[in-house]
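Build out the structure end to end from the sequences listed, making use of the hints.
Going down the list, the sequences are from chains A and B. Sequential numbering from 1 applies to the first sequence in the numbering used here. Sequential numbering from 1001 applies to the second sequence in the numbering used here.
Each hint should be verified, as a subset may be incorrect.
Quick list of in silico lysine-lysine cross-link-like pairs, DSSO-like style, CA-CA up to 30 Å [stated by the list, open to error]:
no.: 1; chain 1: B; residue 1: Lys1122; chain 2: A; residue 2: Lys195
no.: 2; chain 1: A; residue 1: Lys195; chain 2: B; residue 2: Lys1153
no.: 3; chain 1: B; residue 1: Lys1111; chain 2: A; residue 2: Lys191
no.: 4; chain 1: B; residue 1: Lys1195; chain 2: B; residue 2: Lys1017
no.: 5; chain 1: B; residue 1: Lys1245; chain 2: B; residue 2: Lys1340
no.: 6; chain 1: B; residue 1: Lys1111; chain 2: B; residue 2: Lys1122
no.: 7; chain 1: B; residue 1: Lys1153; chain 2: B; residue 2: Lys1122
no.: 8; chain 1: B; residue 1: Lys1195; chain 2: B; residue 2: Lys1167
no.: 9; chain 1: A; residue 1: Lys191; chain 2: A; residue 2: Lys109
no.: 10; chain 1: B; residue 1: Lys1195; chain 2: B; residue 2: Lys1153
no.: 11; chain 1: B; residue 1: Lys1122; chain 2: B; residue 2: Lys1195
no.: 12; chain 1: B; residue 1: Lys1111; chain 2: A; residue 2: Lys195
no.: 13; chain 1: A; residue 1: Lys109; chain 2: B; residue 2: Lys1014
no.: 14; chain 1: A; residue 1: Lys231; chain 2: A; residue 2: Lys109
no.: 15; chain 1: B; residue 1: Lys1122; chain 2: B; residue 2: Lys1109
no.: 16; chain 1: B; residue 1: Lys1167; chain 2: A; residue 2: Lys109
no.: 17; chain 1: B; residue 1: Lys1109; chain 2: A; residue 2: Lys195
no.: 18; chain 1: B; residue 1: Lys1109; chain 2: A; residue 2: Lys191
no.: 19; chain 1: B; residue 1: Lys1167; chain 2: B; residue 2: Lys1122
no.: 20; chain 1: B; residue 1: Lys1195; chain 2: A; residue 2: Lys191
no.: 21; chain 1: B; residue 1: Lys1109; chain 2: B; residue 2: Lys1153
no.: 22; chain 1: B; residue 1: Lys1153; chain 2: B; residue 2: Lys1111
Some chain B residues near chain A, calculated using beta-carbon distances under 8 Å [what the hints assert, rightly or not]:
no.: 23; residue: Val1052
no.: 24; residue: Val1077
no.: 25; residue: Ser1098
no.: 26; residue: Pro1099
Hints are computed from structural coordinates only; laboratory data are not their basis. From a predicted model like this one, the values you see are computed outputs, not experimental measurements. Yeah, the Cβ is synthetic: ideal placement off N, Cα and C, and Gly gets one too.
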Amino acid sequence: MNQISTFERIVRGLLIALVLLFFLFPIFWILLMSFQTNEQILRIPPSLFFEPTLQNYVALLTGRLQTAAGNLDIAFMRNLGNSLLLSTSSVLLALALGVPAAYAFARYKFRLGESIAFTLLSFRFAPPLLVLLPLSLFFRQLHLTDTYIGLIWVYQLICLPLILWIVRGYFEDISPDIEHAYRISGHGWWKTFRKIAIPLARPGIAAAGLLAFIFAWNNFIFALILASASKQPVTVGALAFVTASGIQYGQIAAAIVLSVTPTLLLALYAQRYLVEGLSLGAVKG
Amino acid sequence: MTSLELRNVSKGFKSGKVLDDVSLSVTAGEIVVVFGPSGTGKTVLLRMIAGVHYPDTGTIAIDGEDVTEASPEARGVGMAFQNFALFPHFSTFENIASPLEARETPASKVKEQVGAIARMLKIDHVLGHAPRELSNGQKQRTALARALVAQPKVLLLDDPLRNVDAKLRYEMRMELPRLLRTFNAAVIYVTQDYKEAMALGDRIAVLRNGRIEQWAMPTTVYREPVSIEVARLFGDPTINLLPCKLEMNGAGGQVTVFGRRVPISGAYAHAVGRDLVAGLRPEHVVVTETEAPDAMQFDLDAVMPVNVRSVLYLRGAAGEELLATVSESESARFGRGQRKVWVRFAPGDLLLFDAASGQRIAPQVH
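What follows is the structure, encoded as structure tokens:
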């Protein structure tokens, strides 16, 4: 039954290799580019063999970009810091708000409950540009333009609905009887939430948090419009590499490698929570 | 002393009324079985006592104290769920210890008490395991241990044997009453298995359509069911129901079943002229291969062995169906059926019900 023919195994291996090549080759190429000078990158035909240079990384880390047209200051490290600050605090805030809200939507029926949940989801339907014009006007009046707090607030449009809806599904999958049993044992509501509901929904919370982080990290348009250079994340900061003397492909590649790293590390860390079995064997079935 | 008292409790959900004016009382050390078909509000009743649901009207008192509005953690009851509801991320030990931990019992005492109850329920060797590593029987015992460990005054058992295999269910049915006696709690045991109800209950509340239809000792429910429905629910195979009419014949009465007049006590005189249904328990039907006085001839269609007794499917001359049970040793004589047999029964075993209301007609002794 489980016997797989040699032919099948070869075909399967080939297909997997093709898919991996398709998805991973661009990343590999960018990694190579990050160790090349602009001249090496633009050479025709391109070559896999070159003398690696750390010049791109040095330029990014020191913040000084040397081009044919002269020296240029770039704020990449600051942008990276901004990205980390904005994404992390947005996700933390969204988790703090969204997880209890998701629990409420999953466990309790209340007036307008479904409408509120749907309204929150609908933030994800609206094209960001449509929302941005009125938002930028409000922000000016509220003096929130070009502040971290303002950006974190706007990022809730991205993170909160995502966390709310994913985590809600996980809470709904937990048998309410498990929580009832804990309450009947003599534990209060808050302890039941902390000791039963949250741990059992942890795979969902981890997945939602990771996704929200990625979406927040990749966001471009909100920060472009609502913040100035000093508060902008890497996605906007990368625009600085399009200089008067040409596009700095080497630095862009190095910047990509650096800016992918935090998300990658987070994904690796969250992975074990993602696969953690949920409530297996707790109830019958 | 009454440990648990429900007074005129009603509860409805959006879909309609689930419990209607239910009153119950349980004394310490007593096991009350709430018996009924599924969907009659048995579980809702338990959950209201536990504090998971709140009644619309009526009051619930534990040990004389009104807990109608109290939250679940303030009631100090123990409950075992039908689906076990173990905490999947806790070990068996932590699961059982959870009520003690909530009562802030010192760690050494927790260990001692959990160990004691686990030994009693024969799960002391799996205390370190996670619930998913347990067999269904062990899960059920863990759930039971968790409900019992804090020695609650009120113990609620929601069909705890529903999801365990037949052999274990049989064992637990023998073991549970003894175990529960040692705890001296007021026990409410919910089931839809009449044998379990008979085996465990000191008193039985038959719940149907949200109302307590009968509230009596197990043997009374069996011998004198208040209605056709209770008679049908309580007993397996189902009671035979035969439409009939009662006529008076001098001092005694008689009913006609299977085309034969059967003499019956004069104490039923008040039911003359009404449409009746006679109920006859299968085990009261005597089946023989040879003709006997007063016996009627039936076709034996099939023989089905069930546990220690076999069920005989009989058909009368006019096509009426009749179920009878015989002991296993007797059933060997009937082979696989397909033959003529002779059937009789003692008229005193007939239960009479009013056909219109379904209520049992009790004999009136003057």
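Quick rundown of the hints versus the structure:
1. B:Lys1122 to A:Lys195: OK: lysine 1122 of chain B and lysine 195 of chain A at ~28 Å, within 30 Å.
2. A:Lys195 to B:Lys1153: Within the cut-off at roughly 26 Å; holds.
3. B:Lys1111 to A:Lys191: holds (22 Å)
4. B:Lys1195 to B:Lys1017: Distance of about 28 Å is within 30 Å: holds.
5. B:Lys1245 to B:Lys1340: Holds: lysine 1245 of chain B and lysine 1340 of chain B sit about 27 Å apart, inside 30 Å.
6. B:Lys1111 to B:Lys1122: Satisfied, since the Cα-Cα distance of roughly 16 Å is no more than 30 Å.
7. B:Lys1153 to B:Lys1122: Satisfied, since the Cα-Cα distance of roughly 23 Å is no more than 30 Å.
8. B:Lys1195 to B:Lys1167: At roughly 14 Å apart (the allowed maximum being 30 Å), lysine 1167 of chain B and lysine 1195 of chain B satisfy the hint.
9. A:Lys191 to A:Lys109: Holds, at roughly 21 Å.
10. B:Lys1195 to B:Lys1153: Holds: lysine 1195 of chain B and lysine 1153 of chain B sit about 26 Å apart, inside 30 Å.
11. B:Lys1122 to B:Lys1195: holds (24 Å)
12. B:Lys1111 to A:Lys195: Judged against 30 Å, a Cα distance of about 21 Å means the pair holds.
13. A:Lys109 to B:Lys1014: Measuring from Cα to Cα gives roughly 12 Å; hence the hint holds.
14. A:Lys231 to A:Lys109: Roughly 41 Å between the alpha carbons, so the hint for lysine 231 of chain A and lysine 109 of chain A is violated.
15. B:Lys1122 to B:Lys1109: holds (19 Å)
16. B:Lys1167 to A:Lys109: Given that 30 Å is the threshold and the Cα spacing comes to 41 Å, the pair is violated.
17. B:Lys1109 to A:Lys195: holds (22 Å)
18. B:Lys1109 to A:Lys191: Since the Cα atoms of lysine 1109 of chain B and lysine 191 of chain A sit roughly 22 Å apart, the hinted pair holds (cutoff 30 Å).
19. B:Lys1167 to B:Lys1122: holds (16 Å)
20. B:Lys1195 to A:Lys191: violated (40 Å)
21. B:Lys1109 to B:Lys1153: Holds, because 20 Å separates the two Cα atoms, which is no more than 30 Å.
22. B:Lys1153 to B:Lys1111: Holds: lysine 1153 of chain B and lysine 1111 of chain B sit about 21 Å apart, inside 30 Å.
23. Val1052: holds (5 Å)
24. Val1077: holds (6 Å)
25. Ser1098: holds (5 Å)
26. Pro1099: holds (4 Å)
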